[in-house]
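Asks: Sequences listed follow chains A and B, in order.
Sequence positions in the first sequence follow my numbering and run 1 to 382.
Sequence positions in the second sequence follow my numbering and run 1 to 382.
Among the hints, erroneous ones may be present.
Said to hold, decoys possible - Distance ranges between label pairs, derived from CB positions: (1) A:Arg-233 to B:Gln-116: 39 to 49 Å; (2) B:Gln-301 to A:Glu-19: 20 to 30 Å; (3) B:Gly-275 to A:Lys-200: 38 to 48 Å.
Treat the hints as calculated values from the structure; they're not laboratory data.
Where is the CB? At the ideal position from N, CA and C, for every residue including glycine.
Protein chains: 2
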Amino acid sequence: MPPNVPPEALQLRSTVKSEGTIEVALVRAPVPHPQPNELVVRIEASPINPSDLGILFSGADVARARAGGTAELPSVSAPLAPEALRRLAARVGQAMPAGNEGAGVVVAAGSSPQAQALLGKAVGVIGGGMYSQYRCLEVSECQPLPSGTSPRQGAAWFINPVTALGMVETLRREGHRALVHTAAASNLGQMLVRLCREEKVPLVNVVRRPEQVAVLSELGATHVCDSSQPTFREKLTDAIAETGATLAFDATGGGTLVSDILAAMEAAAARSQPGFRRYGTSVHKQVYLYGSLDPGPTVLQRTYGMAWGIGGWLMWPALERFGPETTTRLRTRAAAGLTTTFASHYSKEVSLTEMLRLEEIAAYARPATGSKYLVRPNPGSS
Amino acid sequence: MPPNVPPEALQLRSTVKSEGTIEVALVRAPVPHPQPNELVVRIEASPINPSDLGILFSGADVARARAGGTAELPSVSAPLAPEALRRLAARVGQAMPAGNEGAGVVVAAGSSPQAQALLGKAVGVIGGGMYSQYRCLEVSECQPLPSGTSPRQGAAWFINPVTALGMVETLRREGHRALVHTAAASNLGQMLVRLCREEKVPLVNVVRRPEQVAVLSELGATHVCDSSQPTFREKLTDAIAETGATLAFDATGGGTLVSDILAAMEAAAARSQPGFRRYGTSVHKQVYLYGSLDPGPTVLQRTYGMAWGIGGWLMWPALERFGPETTTRLRTRAAAGLTTTFASHYSKEVSLTEMLRLEEIAAYARPATGSKYLVRPNPGSS
Numbered sequence: 001m002p003p004n005v006p007p008e009a010l011q012l013r014s015t016v017k018s019e020g021t022i023e024v025a026l027v028r029a030p031v032p033h034p035q036p037n038e039l040v041v042r043i044e045a046s047p048i049n050p051s052d053l054g055i056l057f058s059g060a061d062v063a064r065a066r067a068g069g070t071a072e073l074p075s076v077s078a079p080l081a082p083e084a085l086r087r088l089a090a091r092v093g094q095a096m097p098a099g100n101e102g103a104g105v106v107v108a109a110g111s112s113p114q115a116q117a118l119l120g121k122a123v124g125v126i127g128g129g130m131y132s133q134y135r136c137l138e139v140s141e142c143q144p145l146p147s148g149t150s151p152r153q154g155a156a157w158f159i160n161p162v163t164a165l166g167m168v169e170t171l172r173r174e175g176h177r178a179l180v181h182t183a184a185a186s187n188l189g190q191m192l193v194r195l196c197r198e199e200k201v202p203l204v205n206v207v208r209r210p211e212q213v214a215v216l217s218e219l220g221a222t223h224v225c226d227s228s229q230p231t232f233r234e235k236l237t238d239a240i241a242e243t244g245a246t247l248a249f250d251a252t253g254g255g256t257l258v259s260d261i262l263a264a265m266e267a268a269a270a271r272s273q274p275g276f277r278r279y280g281t282s283v284h285k286q287v288y289l290y291g292s293l294d295p296g297p298t299v300l301q302r303t304y305g306m307a308w309g310i311g312g313w314l315m316w317p318a319l320e321r322f323g324p325e326t327t328t329r330l331r332t333r334a335a336a337g338l339t340t341t342f343a344s345h346y347s348k349e350v351s352l353t354e355m356l357r358l359e360e361i362a363a364y365a366r367p368a369t370g371s372k373y374l375v376r377p378n379p380g381s382s
Numbered sequence: 001m002p003p004n005v006p007p008e009a010l011q012l013r014s015t016v017k018s019e020g021t022i023e024v025a026l027v028r029a030p031v032p033h034p035q036p037n038e039l040v041v042r043i044e045a046s047p048i049n050p051s052d053l054g055i056l057f058s059g060a061d062v063a064r065a066r067a068g069g070t071a072e073l074p075s076v077s078a079p080l081a082p083e084a085l086r087r088l089a090a091r092v093g094q095a096m097p098a099g100n101e102g103a104g105v106v107v108a109a110g111s112s113p114q115a116q117a118l119l120g121k122a123v124g125v126i127g128g129g130m131y132s133q134y135r136c137l138e139v140s141e142c143q144p145l146p147s148g149t150s151p152r153q154g155a156a157w158f159i160n161p162v163t164a165l166g167m168v169e170t171l172r173r174e175g176h177r178a179l180v181h182t183a184a185a186s187n188l189g190q191m192l193v194r195l196c197r198e199e200k201v202p203l204v205n206v207v208r209r210p211e212q213v214a215v216l217s218e219l220g221a222t223h224v225c226d227s228s229q230p231t232f233r234e235k236l237t238d239a240i241a242e243t244g245a246t247l248a249f250d251a252t253g254g255g256t257l258v259s260d261i262l263a264a265m266e267a268a269a270a271r272s273q274p275g276f277r278r279y280g281t282s283v284h285k286q287v288y289l290y291g292s293l294d295p296g297p298t299v300l301q302r303t304y305g306m307a308w309g310i311g312g313w314l315m316w317p318a319l320e321r322f323g324p325e326t327t328t329r330l331r332t333r334a335a336a337g338l339t340t341t342f343a344s345h346y347s348k349e350v351s352l353t354e355m356l357r358l359e360e361i362a363a364y365a366r367p368a369t370g371s372k373y374l375v376r377p378n379p380g381s382s
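Chain A with its partners taken away, still in its complex shape (with noise of 0.2 Å):
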């Protein structure tokens, strides 16, 4: 192993208790030595998304987390419901690494030409566990980063540009031709209006709060639609007979905007078959759930004929589906942007320890759109 790597590292763990805690640790880890095909990778950047939080703290009780550990690797505990512990039965006693992508620099490579090939360079990451000083990952788990991009402008190169490259490729493939985006203030929900004006493909921003209409129309999106306001509705029927949309990708999950879109979509595609339908209109009309921000129950209203579909949908089964040409080519463009369509904004940088202040949980463990934080595993690095 090259001298400038040392031979353990901090890495955070969390950690489900059988007594019904979850306990997230700073923990020191040794950094494994590269196989031929692999590259050990100083992580200078790991963003905190949704899915992280889903492993992280897994729905425990934030507000009463308590603080425990030393200064030097401290840690944090956080109770779980009984239900979330049912759930989590398999995590019991595993101590699970987190943090699903980063970026940083390649600090030693395995002997395959591959690997050599990528030594000394900025690469983004992905394979889970980045909330950490070092990981060692194959090639293919590494994206070399376009020169001039920094593992800072890096850091959250997968996740969400692929998830919005993702829909506008399942857009294409199950023909249709418009798109309704729900949460669409998020992080990813900005890259959407982004990529949707340059594949032009018009895309129904639907939002939850007067101030994010703002944020999106600063972007430059035509449609926006607040779910707060009393004409929700109308403005949203509007908006889908406009651009014709029949599929729709919602982060919200629960309570009756799923079953408000179907409507609006079956209230539009009724303005162009008009008379009387005992079955509805013919339009097939698709909502997928990739996100749960709202935990309760979907409730569907059922009054918008019988040709509709819902259903999950996570990028990585999508990819699966999509054949490995498709999904080259879709991580090769997310690298492309992250200067430009794919940029990430955040609210706050904090270093492995200033994660488990509780004040910082408090602030990123929250599910509202718009706050996003960045992990420097390694301060003092670019």
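Once you've looked at the hints, dock chain B against the given chain A.
Replies: Same frame as chain A, but now just chain B:
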């Protein structure tokens, strides 16, 4: 027109009135002359299916129905709730015939050889308006009944048999190997028990009352789960695990049953994919809603990972997706099985006039499985 075809005959029609009632009335209507490729069929028998009630009464409050008209041409009026009236706005003032399917004897035929070949034959018919004494139909809407099958036996030749066949066809095309069916004691459900046995498709039957378990067990059903029992969810999970069912057809629509089925499928899948999976198993679980016995909202708990889909399913659009060759294969098979696999049983036979008696309406308009009426528009016929 041959002398045995009257110039006009009785027909039932349903009209939505702008003042908020629905009127079902017997009228005299002219019997059309057949065009070259048309047939005039004397309708001998037509079932009252749930889809027919949707046109006849459209959710009106039949408990508050009132009789009108004359002894010879009776009518019935029932009030519509304001939201039902809104939904039916496009129907106001139109006197719609009803009765999707039936069977009868060809009494007049157009000049084409295809039409002439069917003169005097017993045929199953489809195309609406079968609560009539005579119907003029395209040759393609008529299916010769096998010799030995009477019009009475052939009355329900299409809707339920082709729906059952379409469900099994969907299962094969979408790559599932076993099926869950709800409201399984229905006429359709009993056909499905026999069809799935012939097709070697394992079937999990979900019923709502203990006496329905007995009905299906007598038919030889292997898996029957009663949702009124406290052990329902465990039994459903066991049956799904045993059969490997990942597809369900649901006729109830409202409530949590759809969600319960998806949760049972996920629990069954987790038995063969142990360990913690944040987004659930990778087994895709699909539920199609083809009915709405419970008109309340569908409540999805989303406790079954992300690999799931639900959607509306109708036989007609399914046949369109299957294409004309498959459609011909399915309807030929339906007709061939009318005295065996697809035999229907009726709790009562009524004339068109008797169909408008308030006590009969109260019986056949009740959304309960297992009680089915047969209409005989030409009393005294075979």
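Asks: Hint by hint, say whether it matches the structure.
Replies: Now for the hints, and whether the structure bears them out:
no.: 1; hint: A:Arg-233 to B:Gln-116: 39 to 49 Å; result: violated, 56 Å
no.: 2; hint: B:Gln-301 to A:Glu-19: 20 to 30 Å; result: holds, 27 Å
no.: 3; hint: B:Gly-275 to A:Lys-200: 38 to 48 Å; result: holds, 43 Å
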